[in-house]
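Student: With these hints in hand, go ahead and build the complete structure from the sequences.
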Amino acid sequence: MNSIFTEEKPEVLIQEDGTRIDGRKPDEMRPISIEVGVLRKANGSAYLEWGGNRVLAAVYGPREVHPRHLALPDRALIRCRYNMAPFSTEERKRPGPDRRSVELSKVIREALIPAIFVERFPNTAIDIFVEILRSDAGTRIAGITAASLALADAGIPLRGLVTGCTVGKIGKWLVLDVGHEEDMWGDADIPLAMIMETQEITLLQSDGTLTPEEFKEALNLAIKGCTYVYELQKEALRRPYVVVEKEVKGEV
Amino acid sequence: MNSIFTEEKPEVLIQEDGTRIDGRKPDEMRPISIEVGVLRKANGSAYLEWGGNRVLAAVYGPREVHPRHLALPDRALIRCRYNMAPFSTEERKRPGPDRRSVELSKVIREALIPAIFVERFPNTAIDIFVEILRSDAGTRIAGITAASLALADAGIPLRGLVTGCTVGKIGKWLVLDVGHEEDMWGDADIPLAMIMETQEITLLQSDGTLTPEEFKEALNLAIKGCTYVYELQKEALRRPYVVVEKEVKGEV
Amino acid sequence: MNSIFTEEKPEVLIQEDGTRIDGRKPDEMRPISIEVGVLRKANGSAYLEWGGNRVLAAVYGPREVHPRHLALPDRALIRCRYNMAPFSTEERKRPGPDRRSVELSKVIREALIPAIFVERFPNTAIDIFVEILRSDAGTRIAGITAASLALADAGIPLRGLVTGCTVGKIGKWLVLDVGHEEDMWGDADIPLAMIMETQEITLLQSDGTLTPEEFKEALNLAIKGCTYVYELQKEALRRPYVVVEKEVKGEV
Amino acid sequence: MALEERISSTLLKEHLLKLAQVGKRKDGRKFDEIRPIEIKEGTFTKGLGEAWVALGKTQVLTSLKFDVGEPYPDSPDKGVLISNVELLPLASPSFEPGPPDENAIEMARVVDRAFRGSDAIDLSKLVIQEGKLVYILFLDLYVLDYDGNLFDALTLSALIAFARAKIPVVEVGEDGSPRLVEGESFPLPLVDYPLSFSFVKIGDYLMIDPNLEEESVADAALTLAIDKDLNICSIQKRNGAFKLSEINKAVDIARVKYPEVMEQVRKVVDIA
Amino acid sequence: MALEERISSTLLKEHLLKLAQVGKRKDGRKFDEIRPIEIKEGTFTKGLGEAWVALGKTQVLTSLKFDVGEPYPDSPDKGVLISNVELLPLASPSFEPGPPDENAIEMARVVDRAFRGSDAIDLSKLVIQEGKLVYILFLDLYVLDYDGNLFDALTLSALIAFARAKIPVVEVGEDGSPRLVEGESFPLPLVDYPLSFSFVKIGDYLMIDPNLEEESVADAALTLAIDKDLNICSIQKRNGAFKLSEINKAVDIARVKYPEVMEQVRKVVDIA
Amino acid sequence: MALEERISSTLLKEHLLKLAQVGKRKDGRKFDEIRPIEIKEGTFTKGLGEAWVALGKTQVLTSLKFDVGEPYPDSPDKGVLISNVELLPLASPSFEPGPPDENAIEMARVVDRAFRGSDAIDLSKLVIQEGKLVYILFLDLYVLDYDGNLFDALTLSALIAFARAKIPVVEVGEDGSPRLVEGESFPLPLVDYPLSFSFVKIGDYLMIDPNLEEESVADAALTLAIDKDLNICSIQKRNGAFKLSEINKAVDIARVKYPEVMEQVRKVVDIA
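For the protein sequence lines, the chains are B, D, X, U, E and P, in the order given.
Residue numbering for the first sequence follows this note's numbering, starting at 12 and increasing by one per position.
Residue numbering for the second sequence follows this note's numbering, starting at 12 and increasing by one per position.
Residue numbering for the third sequence follows this note's numbering, starting at 12 and increasing by one per position.
Residue numbering for the fourth sequence follows this note's numbering, starting at 6 and increasing by one per position.
Residue numbering for the fifth sequence follows this note's numbering, starting at 6 and increasing by one per position.
Residue numbering for the sixth sequence follows this note's numbering, starting at 6 and increasing by one per position.
Honestly, the hints are just simulated from the structure, not real lab data.
Given the structure is predicted, the values throughout are model-derived calculations rather than measurements.
Each residue gets a CB set at the ideal place from its N, CA and C atoms; glycine is no exception.
Some hints here could point you the wrong way.
[Said to hold, decoys possible] Quick partial rundown of chain B residues pointing at chain E, CB under 10 Å, derived from the structure:
# : residue
1 : Ser14
2 : Thr213
3 : Leu215
4 : Gly219
5 : Thr220
6 : Asn231
[Said to hold, decoys possible] Subject to a maximum C-alpha distance of 20 Å in a straight line, what follows is the list of computed SDA-like cross-link-like pairs (lysine to any residue):
#  : chain 1 : residue 1 : chain 2 : residue 2
7  : E       : Lys254    : B       : Glu225
8  : U       : Lys137    : P       : Glu179
9  : B       : Lys183    : E       : Leu235
10 : U       : Lys137    : D       : Thr17
11 : U       : Lys62     : B       : Ala165
[Unchecked claim] Which stretches of chain D does chain P cover? Using the computed rule of at least three CB atoms under 8 Å from a CB of chain P, they are:
#  : segment
12 : 46-58
13 : 97-105
14 : 131-144
Tutor: Have a look at this one:
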């Protein structure tokens, strides 16, 4: 990493009264806008703006599996590629998968599979592509949120939409929908994704120390965030090709 | 690139009277010498010296396609690899394809395909290898010229030989068969290849600004050069295993 | 290679009376200890300590060949991977094969194949893995010695065990079982492996100048070393899961 | 290509050829008519300049990033431009993940050549310390939705991204290391505005801006770039073969089309 | 997966599920019982600290190496830790030679996260010249024999390797180049001792430390790490889905198990 | 290997074996007879020294290039030699494009070892600034036409390329950067002249310089290098197994053949 792109840590990430560095309250989300069906060639697609994130998700399939020997006789093969565009970051990112994107491709795939009726499409592949065009903290849960809409847009039968949200810990505060500086210098970071219809958690990661009490509170807060995002997802699906945009000023 | 191999730009590339930096007149070719059938294992081969270029071309096929799924049911699969030897350049070149050689492999293949009766050999592969042993400007058209002889030497039915030549622009001059310094510091560079029998252009590239008039004149000059090279090609084929050498002192 | 890991060449590698830098006599071996069957998942395995070397060998097979087209209709396909662990050397070694390990994988495979009744298992693969956990000169012959025990442990029919040993030249001396400093700064190095039952040489390499007389003497000395190691191998096989350890203080 | 595909490909070609014989194209365009161009508004990347362009149903997103580093030894007084095309697997069922294939590499080099051939960017203005430190520009060309004629869509998006680009000012500190001068930037020194025009030949008919169907059955394909003085600044014959007269005709059409497309560019960026 | 494999997998799952319904596991353990841990004695590598650990029939060997180099620009006052997992082909018929696949990469990152999440290593003590020269630590995690639950075995072996590690003292000579100070070293500044606990869910039954058979038929899997204050310092849900209550239950069990495992660690290394 | 290939291979082996039993080889040579050597005249590369050598129908082209760079830390007073073999796909239907496979790597290392084992090149003469700047020599060995026994052809071509090589003089300017001294060069310090001799065993018959057919059915193969004092400077047993007596016999034959081949080398280069 070239040092000209190094960022300085801000002195204060959150004020005594809970005001966050970007002015949000602890449980306030960033603006979200969703558009379903933005691509013509893909079987399903969705474009998502979430804070400064710009995410494009597309789905191909069910289709033939190449190479053939990867096909599963009792269910669809689900493949997922999470990719950061070279221009998505402050310093240009070299194209091609790095270790982080390999892990994220795996956890996103494993977050989506439980929602898909994979047994209905034996011997086929469903390919999910998540492109991060612009990254601003929370790309994995933004990616899951967009990808589950792309799956729905492709007409793939789902147990429910998968919805993601992140909670962070900053000093004594738990904050909803972690922003860029909070992601870089916060004390803990918990992304979570859920099938809202069944209340099953399909993605959960955590990095940073939390007491058992903080942990339970964090999960509840993340689920609150998901509940809110889920409404936007449903709205976007009801009106395909119409942009659903929400700037959340109040609390969730 | 290590700076010890950096070359200095000459003060003058072409004199007022049209005398070029290597002493040639604007429409004068470099010496060319051709030998067909130089390799034993290949089905066809040709070795070409053109100015300071040394080019070896070989052809294998029609033969079985590996991997099988690449086979085309209605015609031969034509593959081409253009490769610069590590010792072909002033500074040693790392082995393996770079972006330039990937592009040149493609344009050379596309320059040769129109001359081959591909539909006569369905489900087979014809592999063309062009090795630049020593490079001195104009390797792509030298490679095409040698490769089409290797195809003929392999007994592959052709609509005609493919013949290449380059034209450059240096200040107000258009010059035939661009040399090393002209290639590096000239104003424009137009390689062209043609099936002489049918007068079809199968390779055409251009880099540098030309007025429409210059452009037309350049193409005509390049075709003149091809006409000359074509005679050498035919001579080489008539006397296989005998070296055909021409040092052109006068104009084309 | 970072210079902080550079070793200094010792002033004297061997004294006038033949005492070697680690105190051994010219024909004295380093301590060896062998354990067969150390791994559960592999079909056969062996762990070997030889001087400061730590070597783990494992065998899978005969088993199905992937990819299928590599299968041989008249015999087993033998594959071998020799690998140095990143922590096996003074300076950390980057994971993945380098040119040296590619060559050693090949010569180890070719040292083992003559001992295996490959024709009894057509269309199958036998995979041999040699992991150098800690390297201290002579890893290739230690690897062969361990791998042939792993083959035996896997129940693969053998013409005999393959046994390895190394001879070095240091000034006027020929020394048995070359040590680390002798390997780095000695004048010549001859690893040899043999099927003891048939007295066939299956590995022989040499690096450094030897007169024909020295060469013959060196081979004889190496065979003496092999004869000794062979006894330890047999002992280890007779008592599987019991450690066979020998610290050789006297001469072979 | 499976049997059904070959049959449908043969039938498609016959159909397009019949239409061509009566001067028509399947999507209703004339031979020399370019599909509608749409330049999206918004911020989609972290680039210095960017453009999301739709050409018919083809969509591309191009963005320019920078770094600083050493110049090439043979041009110590020039900045560096590196162009990269990614054929994203979400853009087409025929694109696969992985490093750029020969098509992506050719495209990147041809787009790049349009700007180099016309000396469109004054790279000598991108030097921080001569021979030691220069701007390295990365032009990343992202294909999002593939319905034919990527060359022209990519070159167009690159031109707009260049025209919009603001380059942060970098200075060298007393310790010799580079640092950004907070809040200062300058426009990319863009001195020419090349545009690319691609043609296919189906039978004997030359068509501009081919869509995917037309490309898939074309007998030959050609891309050329025209600069602001209507000169030719790059050419790339791709598959197939052309007669000399066809090439000259393509040049003539492209020179007529240049002002037409440039007018749309001028709606979104302020270039002469 | 061939037909026979699928049948045997289905039968195995039915069998494990039936056992679970009466509170049993195939190898006789309780749901919250960890397999025997063995920490081998001996010197197996050239690392600064190492551990060969068996967890049931799973065996791993972890060793720590170092180099010196530049710090990351955004943390000029910290040493660097790089973790790498190798799923050696000798450990399992399902592992193949080659660069780390997604499983190995996930493992390396999850093991690494347990130590980073708990700030277990004081990286600020691994600086030689601030902003210029720091220790680069390489944690190489080698899987030798694979019978399930690599995450916990690897984290355990890493903890012991860290606790045993002695770092050679490096100084910078007058010519500015680093050199070892002969015979001098210091213990790795290890200030926390995270342990990892993995669970699978078969049907509705949550089991700790799954073996390979259990992993192969599990409906869901989860790994979490607990620090010395019994706080949660990392989590990774892997395949499948969990209810909130199941996750909370796994946390509770892991916090009970931590002292039990730590007791065994303390037998071989001297940590608080 | 398809069925027909196996049959023809078995028949070929039987045929070669029968000939061997009456002291013959298929191409008419004696067991200890080397194929004709031809060293082509001309300039084929941009190397410092080069050789296009035909050994029977086998053809190789070897050329030596240089760069300057840092020495290895453990030999700061020596230049660097890097050897690389390319099995070009035009040389044989069995060679495929791509990075060097195990055969190419083994060849490069065995050729290299012949010169290192005999200390043939005085690398201490290739230092520009001790510990800082040395010559890096690249020996690129190119296989053009493959009819067996590449090891000996490549070593021979390397020896001639070395013997012909002129090294440009490089000096370090006042700014510390290296530059060529116009028009000045010195011969590569070549102080020994190793040659390689390869043998195959078909049945019990040992044959020198095997052609492709002989190699394809050989029971065992061996390559050794002899230096100017007729000492053994490297050995590589390849496939199969040898008796001790067979190895000693190969050494004896090679020592007899050395002067014979060296005579041909001396025709084209001026070495002692």
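Student: Hint by hint, which ones does this structure get wrong, listed from lowest number up?
Tutor: Result: no hint breaks.
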